[in-house]
Amino acid sequence: SRRLRFYDETSVTGRPYGRTRARAPPGIGVTVIEDLPDNFRWSLCGLTCVKPGWQPLEVMAWEDTQTAYDVMVTFRTWCARGVFEHGDIVVMDRAGTHSVDLCNILAELLALYGVMLIFTPKYSPELNPIELAWNKLKYILRYKYYRTTKWESFASLLEACLEITSIDMCGFYRHCGSGW
1 SRRLRFYDET
11 SVTGRPYGRT
21 RARAPPGIGV
31 TVIEDLPDNF
41 RWSLCGLTCV
51 KPGWQPLEVM
61 AWEDTQTAYD
71 VMVTFRTWCA
81 RGVFEHGDIV
91 VMDRAGTHSV
101 DLCNILAELL
111 ALYGVMLIFT
121 PKYSPELNPI
131 ELAWNKLKYI
141 LRYKYYRTTK
151 WESFASLLEA
161 CLEITSIDMC
171 GFYRHCGSGW
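Counting in the working numbering, the sequence shown runs from 1 upward without gaps.
Keep in mind the hints are simulated off the structure, nothing from the lab.
Possibly wrong hints are sitting among the right ones.
For lysine to aspartate or glutamate, the following DMTMM-like pairs were computed, each having C-alpha atoms within a straight-line distance of at most 20 Å [as the list claims (entries may be wrong)]:
| hint | residue 1 | residue 2 |
| --- | --- | --- |
| 1 | K138 | E58 |
| 2 | K144 | E159 |
| 3 | K136 | E163 |
| 4 | K138 | D64 |
| 5 | K144 | E163 |
| 6 | K136 | E126 |
| 7 | K51 | E63 |
| 8 | K51 | D101 |
| 9 | K144 | D101 |
| 10 | K51 | D168 |
| 11 | K136 | E58 |
| 12 | K51 | E131 |
| 13 | K136 | E159 |
| 14 | K138 | D101 |
| 15 | K51 | D64 |
| 16 | K136 | D168 |
| 17 | K51 | E85 |
| 18 | K144 | E126 |
| 19 | K138 | E63 |
| 20 | K138 | E108 |
| 21 | K144 | D64 |
So the derived label-pair ranges between C-beta atoms look like this [unchecked claim]:
| hint | residue 1 | residue 2 | range |
| --- | --- | --- | --- |
| 22 | I167 | S99 | 32 to 38 Å |
| 23 | G87 | L127 | 32 to 38 Å |
| 24 | I89 | L158 | 25 to 31 Å |
| 25 | S156 | T65 | 37 to 43 Å |
| 26 | R3 | I105 | 20 to 26 Å |
| 27 | I105 | R142 | 33 to 39 Å |
| 28 | S99 | T165 | 31 to 37 Å |
| 29 | R76 | F119 | 19 to 25 Å |
| 30 | R142 | M116 | 19 to 25 Å |
Backbone N, C-alpha and C define an ideal beta-carbon position, used for all residues, glycine too.
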């Protein structure tokens, strides 16, 4: 199971991480945390890993929405950086954004590096540990970053990604029945 690498995408927007209403006793003002702009949105591509000494969550982020081209650039970048090892198995969901053409191109690219691409059954996020990693990332953003002064920039998002540890990732794999 050390060879299994789970891939998925998610997005992070400013709106759900801030409160839109607050209550306070009469005469006491409410401190308002300024919401991020309505158009604030990052799309994230993520890849899990439980190999000792490796980053448990590899992330590439894109401003605004994500396209098939962005996914392709992400995989090319990861291949060039040596994120994959010969014999790795990348598991991807069957999201509607993963067109047949994109999947065929990705499979050919990964095959050049000795990596196999397989898919989870439709509508089965419970089999993909990266879904739990995204949940933890959004929790961190919501409760540790957004409501404090730490939420400053894109760097804050990447810093929050680093808070997902190898121990967390092994737990996510175990929870999903991936052999850890």
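Verification of the hints:
1. With a CA separation close to 16 Å, the supplied pair K138 and E58 stays within the 20 Å bound.
2. About 11 Å separates the Cα atoms of K144 and E159, which keeps this hinted pair within 20 Å; it holds.
3. The hinted pair formed by K136 and E163 meets the criterion: a straight-line CA distance of about 9 Å does not exceed 20 Å.
4. For the suggested pair K138 and D64, the alpha carbons sit about 17 Å apart, so the restraint of at most 20 Å is met.
5. As the CA atoms of K144 and E163 are separated by approximately 11 Å, the hinted pair is consistent with the 20 Å bound.
6. With a C-alpha separation of about 15 Å, the suggested pair K136 and E126 falls inside the 20 Å cut-off, and the hint holds.
7. Taking the CA atoms of K51 and E63, the gap is near 29 Å; set against the 20 Å cutoff, the hint is violated.
8. For a cut-off of 20 Å, the pair hint linking K51 to D101 is broken: about 30 Å separates their Cα positions.
9. Distance check on the hinted pair: K144 and D101 sit about 40 Å apart at the alpha-carbon level, beyond 20 Å; violated.
10. The suggested pairing of K51 with D168 holds, with an alpha-carbon distance near 13 Å, which does not exceed 20 Å.
11. Pair hint K136 plus E58 holds up; C-alpha atoms about 15 Å apart against a cutoff of 20 Å.
12. For the proposed pair K51 and E131, the alpha carbon gap of about 19 Å is at most 20 Å, so the pair holds.
13. Distance restraint check for K136 and E159: the Cα-Cα separation of roughly 13 Å lies within the 20 Å cut-off, and the hinted pair is therefore satisfied.
14. In summary, the hint linking K138 to D101 is not supported, as the alpha carbons are separated by about 31 Å, beyond the 20 Å threshold.
15. At most 20 Å may separate the alpha-carbon atoms for a hinted pair to count; K51 and D64 exceed this at roughly 31 Å.
16. Proximity of K136 to D168 is assessed by CA-CA distance (about 9 Å); at most 20 Å being required, the pair is judged to hold.
17. For the proposed pair K51 and E85, the alpha carbon gap of about 11 Å is at most 20 Å, so the pair holds.
18. Distance check on the hinted pair: K144 and E126 sit about 26 Å apart at the alpha-carbon level, beyond 20 Å; violated.
19. This hinted pair checks out: K138 and E63 have alpha carbons roughly 17 Å apart, not beyond 20 Å.
20. For the suggested pair K138 and E108, the alpha carbons sit about 33 Å apart, so the restraint of at most 20 Å is broken.
21. Between K144 and D64 the alpha-carbon distance is near 23 Å, which puts this suggested pair outside the 20 Å criterion.
22. At about 36 Å, the CB distance of I167 to S99 agrees with the hint of 32 to 38 Å.
23. Checked against the hint of 32 to 38 Å, the pair G87 and L127 fails, with Cβ atoms roughly 21 Å apart.
24. Between I89 and L158 the Cβ separation comes to about 26 Å, which falls inside the hinted range of 25 to 31 Å.
25. Look at S156 against T65: about 21 Å separates their beta carbons, and that is not inside 37 to 43 Å.
26. Under the hint 20 to 26 Å, the C-beta atoms of R3 and I105, about 22 Å apart, fit the expected range.
27. A hinted range of 33 to 39 Å for the beta carbons of I105 and R142 is consistent with their spacing of about 35 Å.
28. Range check, S99 to T165: about 34 Å between beta-carbon atoms, so the 31 to 37 Å window is met.
29. Restraint check, R76 to F119: a C-beta distance of roughly 20 Å satisfies the suggested window 19 to 25 Å.
30. As the Cβ distance of R142 to M116 is approximately 36 Å, the hint placing it in 19 to 25 Å is violated.
Hint violations for this structure: numbers 7, 8, 9, 14, 15, 18, 20, 21, 23, 25 and 30, all remaining hints satisfied.
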